[in-house]
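Undergrad: Next come the chains, spelled out residue by residue.
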Amino acid sequence: MTSGTTQLEIRGVSKSFGGVQAVSRVSVDVQKGQILSIIGPNGAGKTTLLNCISSVFHPETGTIVLEGQDLTRLSPARVAGRGIARTFQNIALFRGMTVVDNLMLGRHIHMKNGVFRSMLYWGPGRREEVEHRRVVEDIIDFLEIEAIRKRPVGSLPYGLQKRVELGRALALHPKVLLLDEPMGGTNHEEKEDMARFILDVNDEWGTTIILIEHDMGVVMDISQRVIVLDLGEKIAEGTPAEVKAHPQVIKAYLGTKASV
Amino acid sequence: MPEMTLPQFLLKNAREHPAAPALREKEKGIWQEWSWADYLGHVRAFALGLVSLGFGRDDKLAILSDNRPQVYAAMVAAQVLGGIPVPVFQDAIAREIQYVIDHADATIVFAEDQEQVDKILELKGSLPKVARLIYEDPKGLRHYADPLLMSLEKLEELGRKLDGERPGLFEDLVRSTKSHDVALICYTSGTTGAPKGAMISHANLVSAIQGILEVEHYGRTDQMLAYLPPAWIGDTFWSLAGSLIVGCTVNCPERPETVLENLREIGPHFMIAPPRIWENLVSTVQIKMADASWAKRRLYTWLMPAGEEAARRAMEKQPLSLRLRILRALGEFLVFAPLRDQLGFRRTRYAYTGGAPLGPEIFLFFRSLGINLKQVYGQTEAGGVSCVQRDGDIKLGTVGKPFPNTEVRLTETGEVISRSPCVFVGYYKNPEATIATLRDGWLYSGDAALFDQDGHLIVIDRAKDVTALADSTKFAPQYIENKLKFSPYIKEAVAVGQDRPYVGAMVNIDMENVGKWAERRQIAYTTYTDLAQKPEVYDLIAEEVERVNRDLPDGTRINKYVLLHKELDPDDEEVTRTRKVRRGFVAKKYADIIEALYSEARSVGVTSVITYQDGRQATVRTELAIRRVGAARELAGV
Chain L
10 MTSGTTQLEI
20 RGVSKSFGGV
30 QAVSRVSVDV
40 QKGQILSIIG
50 PNGAGKTTLL
60 NCISSVFHPE
70 TGTIVLEGQD
80 LTRLSPARVA
90 GRGIARTFQN
100 IALFRGMTVV
110 DNLMLGRHIH
120 MKNGVFRSML
130 YWGPGRREEV
140 EHRRVVEDII
150 DFLEIEAIRK
160 RPVGSLPYGL
170 QKRVELGRAL
180 ALHPKVLLLD
190 EPMGGTNHEE
200 KEDMARFILD
210 VNDEWGTTII
220 LIEHDMGVVM
230 DISQRVIVLD
240 LGEKIAEGTP
250 AEVKAHPQVI
260 KAYLGTKASV
Chain F
4 MPEMTLPQFL
14 LKNAREHPAA
24 PALREKEKGI
34 WQEWSWADYL
44 GHVRAFALGL
54 VSLGFGRDDK
64 LAILSDNRPQ
74 VYAAMVAAQV
84 LGGIPVPVFQ
94 DAIAREIQYV
104 IDHADATIVF
114 AEDQEQVDKI
124 LELKGSLPKV
134 ARLIYEDPKG
144 LRHYADPLLM
154 SLEKLEELGR
164 KLDGERPGLF
174 EDLVRSTKSH
184 DVALICYTSG
194 TTGAPKGAMI
204 SHANLVSAIQ
214 GILEVEHYGR
224 TDQMLAYLPP
234 AWIGDTFWSL
244 AGSLIVGCTV
254 NCPERPETVL
264 ENLREIGPHF
274 MIAPPRIWEN
284 LVSTVQIKMA
294 DASWAKRRLY
304 TWLMPAGEEA
314 ARRAMEKQPL
324 SLRLRILRAL
334 GEFLVFAPLR
344 DQLGFRRTRY
354 AYTGGAPLGP
364 EIFLFFRSLG
374 INLKQVYGQT
384 EAGGVSCVQR
394 DGDIKLGTVG
404 KPFPNTEVRL
414 TETGEVISRS
424 PCVFVGYYKN
434 PEATIATLRD
444 GWLYSGDAAL
454 FDQDGHLIVI
464 DRAKDVTALA
474 DSTKFAPQYI
484 ENKLKFSPYI
494 KEAVAVGQDR
504 PYVGAMVNID
514 MENVGKWAER
524 RQIAYTTYTD
534 LAQKPEVYDL
544 IAEEVERVNR
554 DLPDGTRINK
564 YVLLHKELDP
574 DDEEVTRTRK
584 VRRGFVAKKY
594 ADIIEALYSE
604 ARSVGVTSVI
614 TYQDGRQATV
624 RTELAIRRVG
634 AARELAGV
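Chains L and F supply the protein sequences, listed in that same order. The opening residue of the first sequence carries number 10 in this note's numbering; numbering runs sequentially from there. The opening residue of the second sequence carries number 4 in this note's numbering; numbering runs sequentially from there.
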């Protein structure tokens, strides 16, 4: 799916917490339609980098540019409005609300009517609601979660909650999708399903995907490009095969006795 | 009417009621409708698309899909050309799919989605006759470059192009279909040997539907739900032939997991379900009642027994006392009608159970709710259904009476044989089996049965399975097994004892129900095997076995039993896809265990190979306890 144009430029991004340098001077070019994985040991700064891209934190140095527009100082809501959606390591959904309602919330950034207009049953508020519901139903169909559409999220097994969270991010119709450990804590079958959905999202809508994942099998299978972080620094970048063969990667991440 | 073919019925419906709903499928949360005109349009495009691909008379179209409107359109499309649809069980393992498609000489396969396409592409090397693979849902298939593949959209486009070039071709093709053409090859998952392809003609299907229409009333505005595997004759009988002939609407569920929800939305007028589904519905009600408010629970426990009593008396054709009438009227208002509505049976005139025997408690449960549940019986080889219990003449344990157009007799050995216009053409490429099954126009069913004094048929077992102990006492293993399986704690059972001194039983516990039972008693367990081997669970099953023994003739009571370490699984060939025990195979596979049932051993070791998710394998050895019935207490703790 790589079309060769850089969609997201991350330039010299650094972020520290107290004395700890979580991310230091990391630069990456992400191509449109690419699946890029970020790997590295615990505390390597992977989630911090994702948080910088989605503006949960603002980096101390460096810039983040999406399709020529600087996102570095924007609020998270504005970054979402520019087309960057994400999921979280520990699922961030409204547990008491149904799957449909959670996904509808994912559409809020595209809702144009204000509070008062939306409160009226008739007219543009209703039309808009129907239109968004259609988008949400497409996502439900895509992720094969029809059977749980009316169930409160909190009552679902963990693997399905992960899927719903992906759905919530997709509801934004993002250009770039950030996934923080989408397969964390799921079983083998759920992992396979999730890998297939990630590939299908990329395939169907050409969405650029940046994911953090620990399962090396999955990473090597689905990504086109991999970057490796260690102690906040990017120590390698390349295709899965290149990264696997990189001596520093073997040492820092895969252990000295390489056995992938 | 018997001279008409299914495509001709479609043409007739589309002409007479073009805008009436023919098929529906829930998609993206909304029921999408095909009118009869739409149905015809899709069949026209599909059929002519097949013509452009060179598909013609006697060619076979294999179908691998859940219930979708496109599945039925594909079947009729093949029939229009004098071709034959061959539906394949969509969840079968690769080897079975390969066998059926290859044996049927299918040249084109119609697959629902990526999952099914992947199965066929993996088997490509061993399916040399398959020239095209048509798929319906393009999701995930965009980058597949295999030359076999073609989308349904593209196929229909080819068809519409041809229709423009040769108008009238489609109508000519439909006109030239003959009622004695083979309309369908249905592979039956036999309990012995490889599956056999039963060739069923249009005349067979039409006669079978006519047979049921002589005793039941179906109308054009009736709704039904198509949710059983299209490869099963029960689905083809109603969802394909029934709908085309009667003109009623077939509704396809959104996903297999949403069937119960969709059932409620549709509220079908008639419905067929195998015992498994009826059993699930009972547990659904029981779970809901357990969570219901105090008042509702009280009403339920107060009025349900009255409903049961009334239903039982009605079956025995006895009058109801005034007290019972009042209670039932009250129950109807407060409990039964609301429950029927909750389940989706508010409008149901006929509910059928078939394929296997249904427990009497379950049967009675639905009848007490005022649901007209009836037993049906038939063979794939006789168009699906040929006996049904008549309204007002329902008896527990029977399968009712044959359709008026069907003659049923018993041979000297008690085997059911039948003669009717529904009896099939023969098995595809299997003349030996055809000769063995079809003799002088009679269809030999292989089922042992008897008629009761009122002419109701009672099916006992597969004729060849009726066997004898060493002292030549006759017994029917399936009869014993079914009694065992009526227990909520027993999922599957195999009774053995041919040429042995007594009957022994191998039992699969029902993991869900036994698991819950164990949790309530705070019995800790890890796996299926671990749970099955708990002495407490052996005690629990002992009670069930003793209950069954009370109903069995003296010589054929179960003497010893063992709880198996794993569930019998169609993937391991121990049971068929329709969950019938494959005795010969099981006897061979579990020879050690069976031997132990007839020795003094108190346990038997089994080794099983476990394949982990990452492909590693490990061999695990388990000791299975052997229990003598009646000696349960003394041996507790083995």
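A portion of the hints provided could be inaccurate.
Ranges between beta-carbon positions, derived for each pair [stated by the list, open to error]:
1. F:Glu515 to L:Leu114: 27 to 37 Å
2. L:Glu18 to F:Asp533: 54 to 64 Å
3. L:Ser164 to F:Ala22: 23 to 33 Å
4. F:Ala22 to L:Glu213: 46 to 56 Å
5. F:Glu515 to L:Ser164: 33 to 43 Å
6. L:Glu198 to F:Arg524: 22 to 32 Å
7. L:Arg82 to F:Gly518: 27 to 37 Å
8. F:Tyr102 to L:Gln78: 36 to 46 Å
9. L:Ser164 to F:Val285: 37 to 47 Å
10. L:His182 to F:Gly518: 40 to 50 Å
11. F:Glu415 to L:Asn196: 52 to 62 Å
12. F:Lys31 to L:Arg82: 55 to 65 Å
13. L:Ser164 to F:Tyr102: 37 to 47 Å
14. F:Trp34 to L:Glu69: 47 to 57 Å
Because the hints were derived from the structure by calculation, they are not lab data. C-beta atoms are modelled at their ideal positions from N, C-alpha and C, and glycine is treated no differently.
Undergrad: The structure should be examined with respect to each hint, and the outcome stated for every one.
TA: Against the structure, the hints:
1. F:Glu515 to L:Leu114: 27 to 37 Å: Roughly 35 Å apart at Cβ, these two residues keep to the hinted range, so it holds.
2. L:Glu18 to F:Asp533: 54 to 64 Å: holds (56 Å)
3. L:Ser164 to F:Ala22: 23 to 33 Å: Cβ of L:Ser164 to Cβ of F:Ala22: about 42 Å, so the range 23 to 33 Å is violated.
4. F:Ala22 to L:Glu213: 46 to 56 Å: Cβ of F:Ala22 to Cβ of L:Glu213: about 34 Å, so the range 46 to 56 Å is violated.
5. F:Glu515 to L:Ser164: 33 to 43 Å: The hint (33 to 43 Å, Cβ to Cβ) is violated, given that F:Glu515 and L:Ser164 are roughly 18 Å apart.
6. L:Glu198 to F:Arg524: 22 to 32 Å: holds (31 Å)
7. L:Arg82 to F:Gly518: 27 to 37 Å: Since L:Arg82 and F:Gly518 have Cβ atoms about 56 Å apart, the given range 27 to 37 Å is violated.
8. F:Tyr102 to L:Gln78: 36 to 46 Å: violated (59 Å)
9. L:Ser164 to F:Val285: 37 to 47 Å: Check failed, 23 Å falls outside 37 to 47 Å.
10. L:His182 to F:Gly518: 40 to 50 Å: 43 Å Cβ-Cβ, so the 40 to 50 Å window holds.
11. F:Glu415 to L:Asn196: 52 to 62 Å: holds (57 Å)
12. F:Lys31 to L:Arg82: 55 to 65 Å: violated (39 Å)
13. L:Ser164 to F:Tyr102: 37 to 47 Å: Roughly 42 Å apart at Cβ, these two residues keep to the hinted range, so it holds.
14. F:Trp34 to L:Glu69: 47 to 57 Å: Given about 55 Å between the Cβ atoms, the range holds.
Comparing the model with each numbered hint stated earlier shows that hints 3, 4, 5, 7, 8, 9 and 12 do not hold.
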